[in-house]
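Trainee: Here are the chains, one letter per residue:
Number of protein chains: 2
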Amino acid sequence: MDADYGIARELSDLQQLRTLYKPQLPPCLQGTEVRVEFGDATTAADPSGAHTIKKSFPHTYGQRLAHFLRATAKVADAQIITDQPAVRVGVVFCGRQSPGGHNVIWGLYEALKVHNPKSVLLGFLGGSEGLFAQKTLEISDEILATYKNQGGYDLLGRTKDQIRTTEQVNAALNACTTLKLDALVIIGGVTSNTDAARLAETFAERNCSTKVVGIPVTLNGDLKNHFVETNVGFDTICKVNSQLISNVCTDALSAEKYYYFIRLMGRKASQVALECTLQSHPNMVILAEEVDASKLTLSDITKQLCDAVQARAEQDKYHGVVLLPEGLIESIPEVYSLLQEIHGLLRKGVFADNISGQLSPWASALFEFLPPFIKNQLLLHPESDDSAQLSQIETEKLLAHLVEKEMNKRLIFCSLDTRIFLQEEGTYKGKKFNAICHFFGYQARGSLPSKFDCDYAYVLGHIGYHIIAAGLNGYMATVNNLKNPVNKWRCGAAPITAMMTVRRYGQPALYPATVDLRGKAYDLLRQNAAKFLMDDVYRNPGPLQFEGPGADARPVTLCVEDQDYMGRIKELQEYLEKVRAIVKPGCSQDIVKAALSAMASVTDILSLMTSPSSS
Amino acid sequence: MDADYGIARELSDLQQLRTLYKPQLPPCLQGTEVRVEFGDATTAADPSGAHTIKKSFPHTYGQRLAHFLRATAKVADAQIITDQPAVRVGVVFCGRQSPGGHNVIWGLYEALKVHNPKSVLLGFLGGSEGLFAQKTLEISDEILATYKNQGGYDLLGRTKDQIRTTEQVNAALNACTTLKLDALVIIGGVTSNTDAARLAETFAERNCSTKVVGIPVTLNGDLKNHFVETNVGFDTICKVNSQLISNVCTDALSAEKYYYFIRLMGRKASQVALECTLQSHPNMVILAEEVDASKLTLSDITKQLCDAVQARAEQDKYHGVVLLPEGLIESIPEVYSLLQEIHGLLRKGVFADNISGQLSPWASALFEFLPPFIKNQLLLHPESDDSAQLSQIETEKLLAHLVEKEMNKRLIFCSLDTRIFLQEEGTYKGKKFNAICHFFGYQARGSLPSKFDCDYAYVLGHIGYHIIAAGLNGYMATVNNLKNPVNKWRCGAAPITAMMTVRRYGQPALYPATVDLRGKAYDLLRQNAAKFLMDDVYRNPGPLQFEGPGADARPVTLCVEDQDYMGRIKELQEYLEKVRAIVKPGCSQDIVKAALSAMASVTDILSLMTSPSSS
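Chain order of the listed sequences is S and C.
1 is the number of the first residue of the first sequence in this note's numbering; add one for each residue after it.
1 is the number of the first residue of the second sequence in this note's numbering; add one for each residue after it.
One or more of the hints may lead you astray.
Repeated chains share a single entry, so a pair holds when one copy, or any two copies, can fit it.
Think about it this way: if two alpha-carbon atoms lie no more than 25 Å apart in a straight line, the pair counts; the simulated DMTMM-like pairs of lysine to aspartate or glutamate are [stated by the list, open to error]: (1) LYS429 / ASP535; (2) LYS22 / GLU547; (3) LYS520 / ASP13; (4) LYS160 / GLU129; (5) LYS429 / GLU334; (6) LYS303 / ASP562; (7) LYS432 / GLU205; (8) LYS160 / ASP385; (9) LYS531 / ASP13.
None of these hints come from the bench; they were simulated from the model.
Please build the complete structure, drawing on both the sequences and the hints.
Mentor: In structure tokens:
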């Protein structure tokens, strides 16, 4: 199969047109000179974990933020990098493919060659396995020709993609040393970027000169923090899924006899489900984060769905569309406990067939209550991040099954035994509930990337080069202000360690960012939930377009949220500079007193806010 | 729910842009005057059934073809319809929604109003049920505004949609009489157009003045015959599905560890599966028609798939994409027999739970061999056309299950009992086979229609009006030369009875046109099958576009086939006219002799070819 990597291939007319699209660069990355301005040393967002992170990452913790500026920008102490020696860089795809991945390689390649044509970019074939085995393909214009702005990871391929065990880390170090790499760029999500940070630390510790750079590419959209606003691929995935969801909504409204239960790929966090809801306005969505926050049981969720079906039936509506994130199943408390028991037994080597007999009485009762297809899916081995195989567990079918059972009960119940008479039984007078189930994931992952993802990935690739040129290790490329046009984008780099948190008993790591139930995007959903549920205000963004209306649309969740953290950090720095400039020795006593008093007060407030007890 | 029909709704930017698109009309339908030229009286394609059809349809069988021409066209005996009285027309959606349906209503409405602003178009609400109950919505510019070039059937809705029983036919007749309709336009596929033909005959027989017109709209693409080249919706469905299939192909090639088994909606015929294969080049497709023609058993198909997996593994390829039409399951001989037994028992009122005990020993053996999920799906009640509930039977999961079992056998078999040693066992040395299953149907049905479907539907709507103006009953609107640009399209109308065939014990009806295994489209597939299977020449047509490359692409199967039957019929007529013009009384004896000899020979050949024994 290796011989097939990077080969030119026949493209459709539309694909050919897309290869001609050249993403724009923000002003700060144009030309051959770029300034780097270093900000303050970073800390971890979670102050209580800072100590642990620092201990685990003595060489790479606390490094300063980096901002990339135009060469003409008037910033006093910015450093212009003019010496651009030829470098050898390796790049590897890690984890689930995400639309736009190829453009990171293109951007990185372009930046390398613009600054020194003698620089070399080696792609590792077949993900981390290719890295360990030192299987490479030298990237060239010819090779890139049919992969520009195209979906998939098939230029290089990927595998299971962990760089975690001592053996794996040693193999990676060995590859970087043997191939004389100045830098290794890792393209991936939370897990791969955690691996990147650990690798950077190990390389530093062992005096390996290869710098490690991370690029945030994941369709889940869950690599989100102060520094990272969204991920490459998320926009495309949400647009393709929203197209399909809204087609299904139109279908529901035309046939008026089905409830569609649609599960969406996206791992633990419900970012994809939330964004798709805001784009296509289905009747309902149940976010894993809501279930988790309210500790909703399987029976609570079923009741909630049945109440919705019943309320709609009272308005003579027998159709609807319900979105379910794939992470939902793990967020249900009793299912989570059951999964923990199952995974524990599997890890002990118990065969799947023998597990049901070894469960605790309570877990066993739940297990026996579930329909057979779900039982088999729950018995699958957990993934490398210890979560269940979410893409294989048909939560949509489970809930459709439970809702159908419950609706039939509400419909026909006429028991004489009033002792077991429940409130809802016999209250439903409508037509039979019919569900059709879908899982949307694989059919979106290979899509042609949206214009936004093409641009974002290409720019991140360029930033990757500038991080290398600045000699930084353990950084992730960042772009801020993404909801604005490309010429307003702010480019930078942040140490990956600054994005880490520490969980009980856990190593410091990047964790999937779950939907913030106090955030503006969720608030928008809450405000519209009743209307979505009852009024069928379905919205059809249509198929992904590359020109005309909608072609430049950004994710709703990106636009409503007030991010630009890096911009604010810079602005604050400017204020501090101004204070320093005004309060120079020689200025009046009054000015010094005023400054002192104001600064003392600011310092007090901030100390209070960041003391561990208040968090 | 009725109150929600036809309401204006909020559209996305792209939807709004699409409402502004105005389909072109072919030259023959431009202006306010149109000529109708009547061709020869029609016969049925199946000469042996002609007698039966004539007996069933005494009033509407054998009517002449109609061609619509420009008012300025120089055709001697064409009739210009200048008197355009106001008419009252009803229109109803029947059967599965198909992208483009709304444009038929728009085209019909426009043509009605252009020729007489006093004409009225009534839409029946909720399909045939709305017809029977006389629930109508008067179509207006305001109502159409947000439905132009939009998907779904939600302007009017649809229901189960049969107009077949005496009670249903009487209700339809009653509605047409009470509402004083000059015509009823039925939008649908093979079943609905068969109903239309029967209704036309009944109306004629009972002296009801309402004319019945059929419009070929079905995503299955199986209403195909000499007169009808393709159906509204087929192009969109194939484009949307091909997008998803090719995304999955890209995914397969990136991850290199999964086989995707994808079932496609399309009823008995495999038209959708064939078209999607030619658009996206997956590794394999198994057409129901191939299985039917070669009488392949479940075990044959499993073996064929396993051999493909094994051949690919020998080239170190552990991924692939296989398409399966939903009609495949019924085409497998032993499964068909089993389904016949089950449906027979269900019709006798046997409960699903008791059926397995009452099957013949042979059917019972097959039934017990199948995995439980498929058993339940096979036990579902048959559809109104007596076929199984194809959309509910997960053939893709069944085959994935059987292939996995067989591959595991080939992989690890090391039995000591050589008596049961089969040829393939123990021959597979590759990695474990992993399948992911999909059903693509509902997520495409509600799509925004492609430009072609928008145009085709709009033109058919116009033709619907001209059929009414010409006073024709039991006709279907037809457009020929569809693979060429709209200005080359030829418009006409053909009696629905001319498209009927008679099956043993059956009533004359339109039957789904299956893939012609001797046709050019299938030949194209055959020529490429080996390359598709082994070389991963996946092609990604990309998401449906409305401008630029691919926006005007026509279905491959439409383009490779050499259709234009109506054009040839017209050309032949012109030859006959020429002979008549040359051989006028007074011409030389030699010319008469030459003409006589040539015509006698033509007549002999054609008589021989159309005699029942040769067919």
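Trainee: All the hints need checking, so say for each whether the structure fits it.
Mentor: Each hint tested on the structure:
Taking the shortest alpha-carbon separations for LYS429 and ASP535, only the intra-copy value of 21 Å comes in at or below 25 Å, while the best inter-copy value is 57 Å. In this assembly of identical chains, LYS22 and GLU547 lie within 25 Å of each other by CA distance both inside one copy and across copies; the values are 14 Å within and 19 Å between. In this homomeric assembly, LYS520 and ASP13 come within 25 Å of each other (Cα to Cα) only across copies, at 23 Å, whereas the closest approach inside a single copy is 40 Å. Taking the shortest Cα distances, LYS160 and GLU129 sit within 25 Å of each other inside one copy (8 Å), while across copies they are farther apart (54 Å).
Taking the shortest alpha-carbon separations for LYS429 and GLU334, neither the intra-copy value of 32 Å nor the inter-copy value of 42 Å comes in at or below 25 Å. In this assembly of identical chains, the alpha carbons of LYS303 and ASP562 never lie at most 25 Å apart, being 35 Å within a copy and 57 Å across copies at closest. Proximity of LYS432 and GLU205 under a CA criterion of 25 Å is satisfied in neither setting, with 66 Å inside one chain copy and 40 Å between copies. When the C-alpha separation of LYS160 and ASP385 is checked against a cutoff of 25 Å, the pair qualifies only within one copy, where the shortest distance is 12 Å, while the shortest distance between copies is 48 Å.
Taking CA atoms no more than 25 Å apart as the test, LYS531 paired with ASP13 passes between copies only; the shortest distance there is 21 Å, against 41 Å inside one copy.
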